[in-house]
Amino acid sequence: AQKVTQAQTEISVVEKEDVTLDCVYETRDTTYYLFWYKQPPSGELVFLIRRNSFDEQNEISGRYSWNFQKSTSSFNFTITASQVVDSAVYFCALTDDKIIFGKGTRLHILP
Amino acid sequence: DTEVTQTPKHLVMGMTNKKSLKCEQHMGHRAMYWYKQKAKKPPELMFVYSYEKLSINESVPSRFSPECPNSSLLNLHLHALQPEDSALYLCASSQDPLLADLHGELFFGEGSRLTVL
Numbered sequence: 010a011q012k013v014t015q016a017q018t019e020i021s022v023v024e025k026e027d028v029t030l031d032c033v034y035e036t037r038d039t040t041y042y043l044f045w046y047k048q049p050p051s052g053e054l055v056f057l058i059r060r061n062s063f064d065e066q067n068e069i070s071g072r073y074s075w076n077f078q079k080s081t082s083s084f085n086f087t088i089t090a091s092q093v094v095d096s097a098v099y100f101c102a103l104t105d106d107k108i109i110f111g112k113g114t115r116l117h118i119l120p
Numbered sequence: 036d037t038e039v040t041q042t043p044k045h046l047v048m049g050m051t052n053k054k055s056l057k058c059e060q061h062m063g064h065r066a067m068y069w070y071k072q073k074a075k076k077p078p079e080l081m082f083v084y085s086y087e088k089l090s091i092n093e094s095v096p097s098r099f100s101p102e103c104p105n106s107s108l109l110n111l112h113l114h115a116l117q118p119e120d121s122a123l124y125l126c127a128s129s130q131d132p133l134l135a136d137l138h139g140e141l142f143f144g145e146g147s148r149l150t151v152l
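Protein chains in written order, with my numbering: chain A, 10 to 120; chain B, 36 to 152.
The set of hints was computed from the structure by calculation and includes no laboratory data. Incorrect hints may have been included.
Quick list of in silico lysine-lysine cross-link-like pairs, DSS-like style, CA-CA up to 30 Å [claimed, not checked]:
id, chain 1, residue 1, chain 2, residue 2
1, B, 75, A, 112
2, B, 73, B, 44
3, A, 25, A, 107
4, A, 112, B, 57
5, A, 107, B, 88
6, B, 88, B, 57
7, A, 79, B, 75
8, A, 47, B, 76
9, A, 79, B, 44
10, A, 112, B, 73
11, A, 12, B, 75
12, B, 75, B, 53
13, B, 76, A, 25
14, B, 53, A, 25
15, A, 79, A, 12
16, A, 12, B, 88
17, B, 76, A, 112
18, B, 76, B, 44
19, A, 47, B, 73
20, A, 25, A, 112
21, B, 44, A, 25
22, B, 57, B, 76
23, B, 88, A, 79
24, A, 47, B, 44
25, A, 107, B, 75
26, B, 88, B, 73
27, A, 112, A, 12
28, B, 73, A, 107
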């Protein structure tokens with residue numbers, strides 16, 4: 010069965026600190042996609058990144074970076090120099106024919 | 036601003052009412068989705084329309100009835116709902132459900148927050 014685990018329910022950090030959101034997944038498929046979505050208080054989920062199972066390169070986009078390690082079935086997300094606007098719920102997701110979301114991590118960036 | 040527009044943003048209805056949620060996108064996307072999200076929970080897939088045809092129904096009760104009049108519009112008709120149906124209903128779209136390279140990249144609306152009394 011496919012499963013996404015985000016063990017951190019809620020994290021609070023002070024602005025400008027770095028923070029890493031953990032994501033561990035389970036799948037028997039050899040071809041799959043991993044995602045991160047952000048859900049700010051306004052409600053809509055915002056797509057951040059997609060990785061396919063054959064691409065283990067880490068990615069950096071501004072203050073955001075992602076570490077994909079198939080050996081540990083993890084797809085962790087790091088925000089560097091966090092800002093108050095980063096406060097949101099972040100969902101890691103896995104897809105085969107449909108998207109399976111983790112339970113989400115609520116991130117509070119304190120001024 | 037999101038490119039997927041949902042109306043109304045808030046809806047309060049009684050258990051005997053009939054109402055509809057509407058979703059619109061003008062990005063030329065060919066797949067549209069309804070998700071239900073309870074507080075502090077992840078979104079749960081309800082329905083998927085692919086090229087205007089219902090392709091996935093996640094065993095949703097018949098009191099929820101989806102409709103896709105054209106490739107830009109998606110409706111969710113509500114009838115005889117229960118208080119436990121109160122939730123945020125999210126609409127999403129994706130470019131082409133047949134293109135693996137775009138698989139799973141969904142564009143979400145801000146949702147319709149439904150309260151059933």
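A quick look at each hint next to the structure:
1. 75(B) with 112(A): holds, 8 Å
2. 73(B) with 44(B): Holds, because 15 Å separates the two Cα atoms, which is no more than 30 Å.
3. 25(A) with 107(A): With a Cα-Cα distance of about 36 Å, the restraint between residue 25(A) and residue 107(A) is violated, given a limit of 30 Å.
4. 112(A) with 57(B): holds, 26 Å
5. 107(A) with 88(B): holds, 16 Å
6. 88(B) with 57(B): holds, 17 Å
7. 79(A) with 75(B): holds, 28 Å
8. 47(A) with 76(B): holds, 14 Å
9. 79(A) with 44(B): violated, 40 Å
10. 112(A) with 73(B): Given that 30 Å is the threshold and the Cα spacing comes to 11 Å, the pair holds.
11. 12(A) with 75(B): holds, 18 Å
12. 75(B) with 53(B): At roughly 27 Å apart (the allowed maximum being 30 Å), residue 53(B) and residue 75(B) satisfy the hint.
13. 76(B) with 25(A): holds, 28 Å
14. 53(B) with 25(A): Outside the cut-off at roughly 49 Å; violated.
15. 79(A) with 12(A): holds, 15 Å
16. 12(A) with 88(B): holds, 28 Å
17. 76(B) with 112(A): At roughly 6 Å apart (the allowed maximum being 30 Å), residue 112(A) and residue 76(B) satisfy the hint.
18. 76(B) with 44(B): Holds: residue 76(B) and residue 44(B) sit about 19 Å apart, inside 30 Å.
19. 47(A) with 73(B): Holds: residue 47(A) and residue 73(B) sit about 16 Å apart, inside 30 Å.
20. 25(A) with 112(A): holds, 26 Å
21. 44(B) with 25(A): Outside the cut-off at roughly 34 Å; violated.
22. 57(B) with 76(B): holds, 23 Å
23. 88(B) with 79(A): At roughly 36 Å apart (the allowed maximum being 30 Å), residue 79(A) and residue 88(B) break the hint.
24. 47(A) with 44(B): Between residue 47(A) and residue 44(B) the Cα gap is close to 19 Å, so the pair holds against 30 Å.
25. 107(A) with 75(B): holds, 21 Å
26. 88(B) with 73(B): holds, 27 Å
27. 112(A) with 12(A): holds, 10 Å
28. 73(B) with 107(A): holds, 19 Å
When each numbered hint is compared with the structure, violations occur for hints 3, 9, 14, 21 and 23.
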